Amino acid sequence: MSSSKLTFHNSEFALNTIQERWPKILSQLIDSIYRNRETYCNDARQDISDKLKELTRRICHLRYDIMTNKPITLLSFSPLGSTELELWNHLLSVQGVKLRQSEDTKSEGLHMCWYDLPWLFAECYLYRRVVDVVVQSGLSEFDPFFVKKKHCFKKAGPFINSILHCLTKLSDLPPERAFNFFINKNCKGHEARRIWVNVVY
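If you're matching positions, the sequence shown starts at 0 in numbering that gives the first Met the number 0 and goes up one per residue.
Each hint can be trusted.
Below, in silico cross-link-like pairs of lysine-lysine (BS3-like), each with a Cα-Cα straight-line distance of 30 Å or less:
| no. | residue 1 | residue 2 |
| --- | --- | --- |
| 1 | 149 | 23 |
| 2 | 149 | 168 |
| 3 | 147 | 50 |
| 4 | 153 | 23 |
| 5 | 4 | 23 |
| 6 | 23 | 50 |
| 7 | 168 | 153 |
| 8 | 50 | 153 |
| 9 | 149 | 52 |
| 10 | 69 | 4 |
| 11 | 23 | 97 |
| 12 | 52 | 153 |
| 13 | 69 | 50 |
| 14 | 69 | 52 |
| 15 | 168 | 154 |
| 16 | 97 | 69 |
| 17 | 97 | 4 |
| 18 | 69 | 23 |
| 19 | 50 | 148 |
| 20 | 148 | 23 |
| 21 | 23 | 147 |
| 22 | 147 | 52 |
| 23 | 148 | 52 |
| 24 | 154 | 23 |
| 25 | 147 | 69 |
| 26 | 149 | 50 |
| 27 | 52 | 23 |
| 28 | 50 | 97 |
Note that these hints are calculated values from the structure, not bench results. Just so we're clear, the structure is a prediction, and the values are computed from it rather than from any experiment.
Make a model of the complete structure from these sequences and hints.
See below:
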């Protein structure tokens, strides 16, 4: 079954994703923002603690909406310009989403909810909504995942160095050995991805 057809109604994996993994990711994100607030203020060279509090409040609200299958809404902000925002809202409207964030979302039965979207589209929308709440909080250039990304990048350093070292010698290898090299590094890449998943999630 293709990932675009995977839904929260026909896949145990997708259902576990929305019920367990996404709430956990957002909880860890809230915790990370709180624990690193002083670092973020220092990096910004100003006191952004109120904006960080607002961001965590909005992420908490997003988490609640997902866990309780609330109606989803069109997006409001784009750090990349109006074309990106228009494209996202067009794709959402194709899925049946009509609500703007300023409109009442209480009548769940009348609107598309989180569980109504295909899994892959919903996952992309989740991360795009995180961008939306970052901008709404007055932190347009802030990356709430930066600390996790930095940690993962440092942890992957030895793997990256070994790949770069091998690539410098790849042109000297016969085709069969080059093929084995790529197969081996592909397996190690999957291992590195598992490290990333454990770090981020």
